[in-house]
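Number of protein chains: 2
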Amino acid sequence: MENIFTDEYFMKKALQEAEMAFERDEIPVGAVVVVNNQVIARSHNLTELLNDVTAHAEMQAITSAANFLGGKYLKDCTLYVTLEPCQMCAGALYWSQISRIVFGASDAKRGYRTLGTQLHPKTEVKLGVLENECAVLIKNFFLKKR
Amino acid sequence: MENIFTDEYFMKKALQEAEMAFERDEIPVGAVVVVNNQVIARSHNLTELLNDVTAHAEMQAITSAANFLGGKYLKDCTLYVTLEPCQMCAGALYWSQISRIVFGASDAKRGYRTLGTQLHPKTEVKLGVLENECAVLIKNFFLKKR
Chain A
1 MENIFTDEYF MKKALQEAEM AFERDEIPVG AVVVVNNQVI ARSHNLTELL
51 NDVTAHAEMQ AITSAANFLG GKYLKDCTLY VTLEPCQMCA GALYWSQISR
101 IVFGASDAKR GYRTLGTQLH PKTEVKLGVL ENECAVLIKN FFLKKR
Chain B
1 MENIFTDEYF MKKALQEAEM AFERDEIPVG AVVVVNNQVI ARSHNLTELL
51 NDVTAHAEMQ AITSAANFLG GKYLKDCTLY VTLEPCQMCA GALYWSQISR
101 IVFGASDAKR GYRTLGTQLH PKTEVKLGVL ENECAVLIKN FFLKKR
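These protein sequences, in sequence, are chains A and B. Residue numbering for the first sequence is 1 to 146, as defined by full-length UniProt numbering. Residue numbering for the second sequence is 1 to 146, as defined by full-length UniProt numbering.
Derived by calculation from the structure, the hints in this document are not laboratory data. These figures come from a predicted structure and were not determined experimentally. Yeah, the Cβ is synthetic: ideal placement off N, Cα and C, and Gly gets one too. Among the hints, erroneous ones may be present.
[Claimed, not checked] Some chain B residues well away from chain A (every beta-carbon gap over 10 Å; in silico): (1) E48; (2) C89; (3) E133; (4) L143.
[To be verified] Across the chosen pairs, the derived CB separations fall in these ranges: (5) B:L49 <-> A:Q38: 46 to 56 Å; (6) A:K144 <-> B:E23: 45 to 55 Å; (7) A:Q38 <-> B:L50: 14 to 24 Å; (8) B:A108 <-> A:G128: 33 to 43 Å; (9) A:K126 <-> B:L50: 22 to 32 Å; (10) B:A135 <-> A:H120: 20 to 30 Å; (11) B:I4 <-> A:D76: 44 to 54 Å; (12) A:G70 <-> B:R113: 10 to 20 Å.
Let's have the full structure, built from the sequences with the hints guiding it.
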């Protein structure tokens, strides 16, 4: 039997969250946290609705996953997020000691790699999963905003 | 008449918050946000109580100040924090476009300056205000923990 729980499978869940952000007129970024093929947290960017620059999808997902686990470290967890994390989110992921980060679209300007933010040495990163779908959603959002 | 609203004055308020964290067995870091000599947000580190790595004093202060102001940008605001912000908090401060950051003790290992986190170009920084008091509190905390 084929394993349906691929990185693409979970990135699609994150994309669904990003679409919910788009519908709410938020910059469309979505995230899920997965442990043992189970989604334990899902979130999307809510900076406008909450009037809060800290309300990025990843930040909410970290808080929510820790709440589910009953502990603040996200060992054995994977974060799927549609856009490369920023400095803030990468800094939060550092503290969480998360095992794995999978992101879709790169952010050449504000992404953590460009800005040199340090992740935890235990954290593995995979990028470019459903990259085009993730990027197109954000591009369409800003085209609509013009 | 002498102006009582000095940086030391507001850093003492942040120190009081740090002391509350100490009493709660949290790493003792406190913060206040000030606009026009008025404290609009106060907070201390709650990562243990909330089981949440994102619950640093600064993160809560940013959220709380934005809530008070009814807008997510902290223009004309000063954050006083007893310890140099980490990558996550500096990244959040970047997004907030805060006017000024004043911190007490430096954090040579995890501080944003060592790790090269970018602040907003509009943000001014002053460091070393009540440095010794801020540092001693943290040192005592870790001595107690041994």
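Results for each hint:
{"no.": "1", "hint": "E48", "verdict": "8 Å, violated"}
{"no.": "2", "hint": "C89", "verdict": "7 Å, violated"}
{"no.": "3", "hint": "E133", "verdict": "25 Å, holds"}
{"no.": "4", "hint": "L143", "verdict": "23 Å, holds"}
{"no.": "5", "hint": "B:L49 <-> A:Q38: 46 to 56 Å", "verdict": "27 Å, violated"}
{"no.": "6", "hint": "A:K144 <-> B:E23: 45 to 55 Å", "verdict": "50 Å, holds"}
{"no.": "7", "hint": "A:Q38 <-> B:L50: 14 to 24 Å", "verdict": "23 Å, holds"}
{"no.": "8", "hint": "B:A108 <-> A:G128: 33 to 43 Å", "verdict": "36 Å, holds"}
{"no.": "9", "hint": "A:K126 <-> B:L50: 22 to 32 Å", "verdict": "29 Å, holds"}
{"no.": "10", "hint": "B:A135 <-> A:H120: 20 to 30 Å", "verdict": "25 Å, holds"}
{"no.": "11", "hint": "B:I4 <-> A:D76: 44 to 54 Å", "verdict": "52 Å, holds"}
{"no.": "12", "hint": "A:G70 <-> B:R113: 10 to 20 Å", "verdict": "34 Å, violated"}
In summary, the structure is inconsistent with hints 1, 2, 5, 12 from the numbered list given earlier, while agreeing with the others.
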